[in-house]
Structure formats: C-alpha cells, structure tokens
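Asks: Here is how the chains run, residue by residue.
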Amino acid sequence: MAGFLEGLSPIWQGLQQAFNLLISLDPQILRITALSLIITMSAVLIGSLISIPLGSVIAYGKFRGRNALIWLIQTLYAFPTVVIGLIVFLFIRKTGPFGSLNLLFTPQGMIIGQTVLVLPIITGLTISALVAVDLTIRDTITSLGATRLQFLISALKEARFAILAAIALAFGRAISEVGAAIIIGGNIASPGNFYTSTRTLTTAITLETGKGDIALSIALGIILLLIALVINIVISIVQNR
Amino acid sequence: MIEILDVYKQFGEKKVLNGINATIERGEVFTIIGPSGQGKSTLLRLINLLDKPTRGSILVDGVDIHLSREQQAIRRKMGMVFQKPVVFSTSVFENIAYGLHFRHIDRDVIRAKVEQALEVIDMAGFDERKAKSLSGGEMQRVALARAMVTEPELLLLDEPTANLDPIATHKIEELVRHYNRESGTTVVMSTHDMQQGQRLANRIAVIMQGKFAQVGTPREVFGSPSDKEVANFVGVKNILTGNITGSEGGVAALAVDGLTVKAVTSLPVGTRVWASILPEDITLLLSRGKQISARNVFSGHIVHFSPRGPLLNVTVDCGVKLSATVTWRSAEGMKLKIGDEVRLSFKASAVHIMADGGGGPG
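Protein chains in written order, with the working numbering: chain D, 1008 to 1248; chain C, 4 to 365.
Rather than coming from a laboratory, the hints here were simulated on the basis of the structure.
Each hint can be trusted.
With a cut-off of at most 16 Å between alpha-carbon atoms, the simulated EDC-like pairs for lysine to aspartate or glutamate come out as follows:
1) K80(C) to E154(C)
2) K135(C) to D1141(D)
3) K1164(D) to E97(C)
4) K87(C) to D1146(D)
Just the calculated beta-carbon pair ranges, DEER-fashion:
5) F1168(D) to I108(C): 24 to 30 Å
6) K133(C) to V1090(D): 40 to 46 Å
7) T93(C) to I1229(D): 37 to 43 Å
8) F1168(D) to T330(C): 53 to 59 Å
9) L1142(D) to D67(C): 23 to 29 Å
10) T93(C) to P1104(D): 45 to 51 Å
Every residue, glycine too, gets a C-beta built ideally from N, C-alpha and C.
Between the sequences and the hints, there should be enough to build the whole structure, so can you do that?
Replies: Structure representation (structure tokens):
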C-alpha cells in the first residue's frame, strides 16, 4: 500500500482547514449556509401550506380515484431531483411558459424546485398521519358536534406529531438535494448581493470539490451533516411525545 | 322522546339491524342488552347520526333526524361515549372542554364548567395532566365528562364499561346514575352485562338478530322473558318445555319429561308451552324433614354446584334438572354435597309460563 498514508495527508489537511473555516465563522460559509436554510425553509413553508390542507381533503375525502391518487403521491416520494430540476427549468427558462418572470438562476427559482420536491412528501405523509388517527377519536370529534372545518383542525391536532415529523423529513430531503439546485440555481456566487446568490451547501460542495477546494467542501459537508443531525433529533423528540 | 321506527341497517351483504322499533321516553335510562355483534353499537351510531339507516326512521321530538338539514344542531343536543376509552392528545382540561370550544362558549364559562365536571368525576386537580397518561377507567370518566359538559338532552353510552375493571365500572355506573338523576337527561346505553342492565335501567331492550326481542322493565325481562332466546340470554335457569295436560282453578298441570309441574296460567289444556322458574324462587330442603305446602315438590339428587357471587346455584336432577339458589352459609349448614338426596319446592305462581312459539333454547 505504497502511497496510502501520503494520500491521507491532504484529507487530513483539508479537515484541519475546514475546522479552521468553521471556527473562524468564515463569511462565505455563513452566506452559503444562510442561503440554503432560507431557500429550504421557504420551500417547506410553502409546501406545508399547500400540502397539509390538500392532504386533509384527500385523507378524509370520498371520491373516485382516491386510492390511485394516494398511490401516485407516494410514488412521487422518490421523484429524482434532477428530473424535478429539468421540469422546472423547462418551465422557467427564458423561452419557457414562465420565462418572462426571470426565475432561472435565482433563489426564487430554487424555492420553486424544492417546493415541488416536498409537495408529495408532505402531502403523502399528512394523508398517512390523518388516516392513522384512531377511528373512535374521529367519531368522538364528530359526535361532539364539530363542523367540517373543526373536524379537520381537530384531526390535524391529533396527528400533529406525525405531521411535524413529515415536515422535518421533507426539510432534510430538500436541503440535501443537489440535482434540481444546480440545474435551476447554477451555483452563482454573486458576492455583491446576497439575495441573488444561488450557492447553497450542496451546489457549493459539488462544484468546489471539482475545483479542488477540498477544505471548503469538507466544511460545508460537516454543516450539512449537523443539519441532518438536528433534524433527526427533532424527529425523535417529536415522535417520543 | 325518541321514536325508533322499523329501522334496518345493512353493511354490504351483512344485515345488522332487522326492524328495530321502540319509543324511549324523556328522562329514562334505556338499556340495550344483547350478545356481541347484534347491532347494539350500530343502533347508537344511527341515533348519533354517525351512520344512516338503510330503511326506517328515528324521530327525536317528532323530527326525523336523518332527513333534517340541521344534522349538526341535532348532534349537538346529544353526547356519546364509546366502548373504547379514547382521549385527545392534550390535557385533561382541554379534553373535557373540546365540545364546548366547538360551540364557541366563552372561556370563563368553559373553565367553570370543566372545573365542575372534574369535581363530579372525582378528578379535581387533574386539569393539566396529559390525558393519554390516564388509566382506562380515568379516560372513560373524562370521556363521560366531555359529553356531559355540553349538557346534552340525550346521552348515548356504547358499552362504556366493557373494557374496564369492576371498580372503574362501578364508578362509571355511579356517575351515569347520578347524572341521570340530577339533570334528567335521557340515557340510552348498550351493554352485554346483564347485571349492569338490571342495575341502571328503567327499561331494558333485549336485542337478538338485529331486532328487539323484548322491551320492558328489568323485572319484566328477567322475570318474564318473552321467549326462550331471551330467557337463555338473560341467564334464566330452569327453562322447561312441555304440554298443559290439565287445568283447575287457574292452575295448570304441565307435563315436563315425566314430572308434573303446577303453574298459574290461563293457557288452555293441550297448549305446548315453555316455562321458567327463577332459582331464587326455588327452596331447597333436605330430604328428611317437615312437610311443605308448596304446590310443586320434587325429589332428586344434587348433580352440580355453581357459585354466583355471594350465592350458590345448586342443580338437582329431579328427572328434569332444576337449579335452586341458596346462600353459601346455608349450603354449609346443610352440608350439601354432590349426590345428596334433596327436595325442591316452589309455588305455582313462581312458574313463568308462555305458549311455545317454536325455536328452542340454545
């Protein structure tokens, strides 16, 4: 194994530099992390506002094709993010139907991409959470004289922990995806204006690694892992309630 | 007043209710008893508008509730407690307040009502406890309080004690009795527990194959069951079948497997009948001993003992097997044991006799 130890040393150096970057609160890293969090939080917020009501209607609705629809939504959990990126790209590029909105290579465009990604996840898991609400509890809500809206709100309250877990899961998937982010965002640094930058944790790792900036990539990778850890802690706290 | 008019309910191919008819008076405790799977819950769910009847109608104060457009207003005049004790995943206080929030009741009023309800269910101070951490019995008391604070005109209880231990059951029964007495609320309750029916009900309906086989006071149902199935179900011992062979002064002679039992009846000679005698009405005596004046005295030997709480059922083979109830103390005093020769006696008026409309006891 000649060269193995020699090969380890740049990794070690990269790690050390990465820690230095993290400890010194490198502004570039802070910008990238902040942007990632803003984009993903926005997408998850918008996604939740659409998906939770939508999931409620599907969960307790009686209509033809309900089961097929649920099956379709669950299949979309595994929607490849590059394909989402491609589809959104086709719609928002200059010559696309929404080209005039100038969303390509903007954080707003990336929010759209991630929203599309989290919609089926939050919708589907909201449906599962609501269907899992005990039948006697549902009868009790009705029996207590709830209106249709009061019924849905009460059922959502009962399912709140499962729905919070769904949101956390969607957040984790959105912040760690790279395919759509690169196609739609393009990893533009835009040092002058934070709000036009499209460099997120994942796109920066992808492209900086290619350019040889190992230290930055490792530092960003550690941040991503920390975020994943926090999400996991949130999910387990929520589920142990 | 609730009128149940020829109500049928079918789930797919499965016929659950087959023509239920009854009138439930305001303020009474009306108990539906019957074996599991006979449609007790279904009937309560129909009254609570949680399901629609396949046929027939249910009128509350003259209004067909399933045709009314005011479904929610009607439902808000009812409260229901289900067999399975369930609570919302929030505090005990918020659980009890749930229905009041739906009705947009003032917060101060809610607080007062909930506090009062907590007193009534003997759970004062439990306000902030997580409801999910309660025992089954406590959950069911919370469920009862949750229904009671909305001050329903009708309280529906679907086997509320089926999953509870005897002490928790006793508490729920006390609450129901107290609540009915204090508020005058009509209570419709299902149970498979005969004793519970007897303890709580003003009237009992026995449900068999999706129909009310008999509706009456506990005394009527247990003392004079309308047919053999009801008699069997309500646990009547000593069911006899035979023919009336003679009649004199309102007392008929009934031939049962070689015995002649005297019974008070106006049924004519030749009628095929079935009869029942409550074990409490049969006196057991040792074979040697004084003469007795009862119309029916039979000798036999003891074949079986079965405990019944503080009492003991003694089965004696007199040609026909009859059970008599004695206290444990008197059984010990008489030194009763299997095989002992004893005599049984009962009055002709203790025999509940009915023309046999066919169908046999199980």
